[in-house]
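> Line by line, the protein sequences give chains Z, E and R.
Under my numbering, residues 29 to 189 are what the first sequence spells out, in order.
Under my numbering, residues 325 to 643 are what the second sequence spells out, in order.
Under my numbering, residues 136 to 512 are what the third sequence spells out, in order.
Derived by calculation from the structure, the hints in this document are not laboratory data.
Treat the hints with care, as some may be off.
[Claimed, not checked] Heads up, incomplete: computed chain E residues facing chain R, CB under 7 Å, no partners named: (1) ILE360; (2) GLU537; (3) SER538.
The C-beta atom is built at its ideal place from N, Cα and C for all residues, glycine as well.
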Amino acid sequence: MLGGVLGNVYNATKSLIKGHLVTLKELRTPKITVHYPDERLELPLGSRGMPALKVNQDTGLLNCTACGVCARECPVDAIEVEAVVGEKGRKKRYPAIYNLDMTHCMQCNLCVEACPFDALEMSDAFEISRYDLDDLIFDKEQLAEIWKTHKAVRITGGEKL
Amino acid sequence: MPEWVMAIIKILIVLAFIGLNGMFLIWAERKVAGFIQARIGPARVGRPQGFFQLFADAIKMFSKEDVRPAAADKWVWWFAPVVFFTPVAMAFLVLPFGPNVIGLDMNIGLIYLAAVASFALLGVFMAGWGSNNKYSLLGAMRAGAQMISYEIPLILATIGVIMITGTLSTQGIVEYQVAHGWNIKTQFLAFVVFFIAMLAELNRTPFDLVIAESELTSGFFTEYSGIRWGMFMFAEYTNIFVMSALAVTLFFGGWASPFGLVGSVLIFLIKTYAIVFLIIWIRWSVPRVRIDQLMTLGWKFLLPLSLFNIVFTGLILLI
Amino acid sequence: MSEIEARRLKAEEVGHEKLILNLGPQHPSTHGVLRVITTLEGERITEAEPDIGFLHRNFEKIVEGWTWSQVIPLTDRNDYLANINNEHAYVLAVEKLAGIEVPERAEYIRVIMSELNRIASHLLTFGTFAMDMGAFTPFLYGFRERELLYDIFEKVTGARMMHNYVRLSGVRNDLPDGWDKEVLEFLDRLENDVIPDYYDLLIKNPIFEARSLGVGVLTKEDAIAYGAAGPILRGSGIDWDLRRDMPYSIYDRFDFEVITREEGDHYARFMVRMDEMIESAKIIRQAFEQMPEGPVMGKVPRVLKPEGDIYSAVEGPRGEIGVYLVGDGNFKPYRVKWRAPSFSNLSILPLMAKGQFVADIVLTIGTLDPIFGEVDR
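Construct the complete structure from the given sequences, taking the supplied hints into account.
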């Protein structure tokens, strides 16, 4: 019986020491902490931040035609689009209002997939905290600005990154 | 200089040391924990190693609101941190920091320490009962069971040392070791028992059932905030220092230096902080035991072992 | 009778000999927002009554107002540790109902992502169980490995957690170049470095064994009677895994073992999860070898108006994720019923908690591993 107890004590001590060696080893391994505002991680291509409105490089105008498919496809109703109404009540093909409510948006990419005119892209802008809730509703100029200043990738389904 | 001025100066030195040591240990624990867990711990205040974090923490603790639960037993709740803190500070009286650096070289130093240390339980009980919180109550009850059953092997483990050195004076024990070598050589078993019981006495993982944050949120001091909570923390970390210092005194030659150097306060502190590091290291490596396993370990394993050690030491002394 | 009155009556009934302890909903070890009303006698639990619903989001009703494809991002939020598995469950059901073909390559990608997600989920379960036991370091190691895995996810799906990656008739985008190498490297590291470290640090630790061996035993009969699923079922010795027994997608093409343990205690359930990670790695390796080239999206009919009803289930990390769909020939689902494995697993808690120590009920919750996004839906 004494032998059994001693064996148990020996085994327990051995495995305890092994466990402590693991933590001792980790004392010296490189740390994975990144001091966020000072250091930044590289975001991979296609990392989804908030959606942004694509600007035509040649003309400098938005690609958006205010068709409203994105607004219909959005599960959380974060997008509000209104087309410009010209003379005689006919709609022209660019948005008068394009508001994206980032308090609702869950960055799911469905609007981008729905867009038939190559006008929406997911940018990697994730630092969108504001002091005021109203500031989180982005209008079309702000969305275009985000597209200009951030990396953006458009994935509509099935292609390679 | 009149004697009472000296006494006050000594007390102030001890209190300052408690404060600095407490802050340093909290910082060290966070740092070691961070490094063990593949992160870097506090790093913002006082770069690069976040050393001033401890001052920030202390200021935060002092300036926070002192919230008292409406249903708490006011005076019991109020005094609990004081009762918990005082005996820890009193223990500094007999710790031999250096050849002549000791508060009072009593000839019953160890008995004094044991008497004072058992006082802390009262503070835990007062906190647990006075908070009128079920988690606190459970924590305090666990503390009662745990501290009483681990005090016995703790004290029995020191008896072996006392038998060999033939003195109860802490300074005397160190002086014996200066002459005859460290006690750890003959009292290894006693050290093992002492160390395990010490962890339980300090409520450190794997015996931190009293605090047990995954079950009892924060145990007996769940309801405390601000400086009262800070006093519990300081008392706890100071207690770690005191117990480590005691272990060094009993088993590792106190201020005696290993390589024939002159014994000094520095050597004593180095040894003590080495034991403190060991305690911190253990905390971040093992899970927590359950209350019945704790009792089994204490009564069925440590107690017989310490008794065996006494018999064994006696036999060696006879031969 | 109001709830308060009921509580008061219960307190009177319990009397002064026992203690009613409210664990949660704000408690460090309830894995979210579970509230357990326990009756204690000393440190022993005589009765435990789980109270759920703090995270109720009305999933099943909300999606009745959405189109079939709009539901997919919300399924991510059910079991937020097994997002791909949830998407897979839902998408499979819709595909069966509407008769949509899926390209071969997309099936392989789905399997790879599902199994990676299973590994991620089990890594976290490893960590939380350790933390319930008071060991904080394994918790962070588990998290670290999971974060590295999420980096790998992000490269494909663009998101770390809420992927919204699986689509009707395929997946959102193809794998980037060199991604498979990264996954295989991760798996090698997991098997050769990480899991052995876990064994040394936690699993072989005598305290861990003392705390988990023979504690919280769930018998075979109870496991079946309570509708347990996943590792909890297999930890009780029942050899049942939907991936093998009701093969969906292309799981019948892979060679893997279903891990079972006879003991039914905490240790068995824990070890089932540990071993399942290795089996998942096996499946991923085979999938990479067999994976053909080709498109990853098939054709979805422009007008998606399926009719009829269907039940389809996948094996998630916590067990059978079942989806019951009713379509009435509209572009929205008429009814979506979600069978959450955590929910049925959690229902065993009162049975298992009876007679345990307070410290052990925490472990019991940890080993049942309920996710409250899924329990409360």
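> Work down the list of hints and note, for each, if the structure agrees.
Tested hints:
no., hint, in the structure
1, ILE360, "6 Å, holds"
2, GLU537, "6 Å, holds"
3, SER538, "4 Å, holds"
The structure agrees with every numbered hint stated previously.
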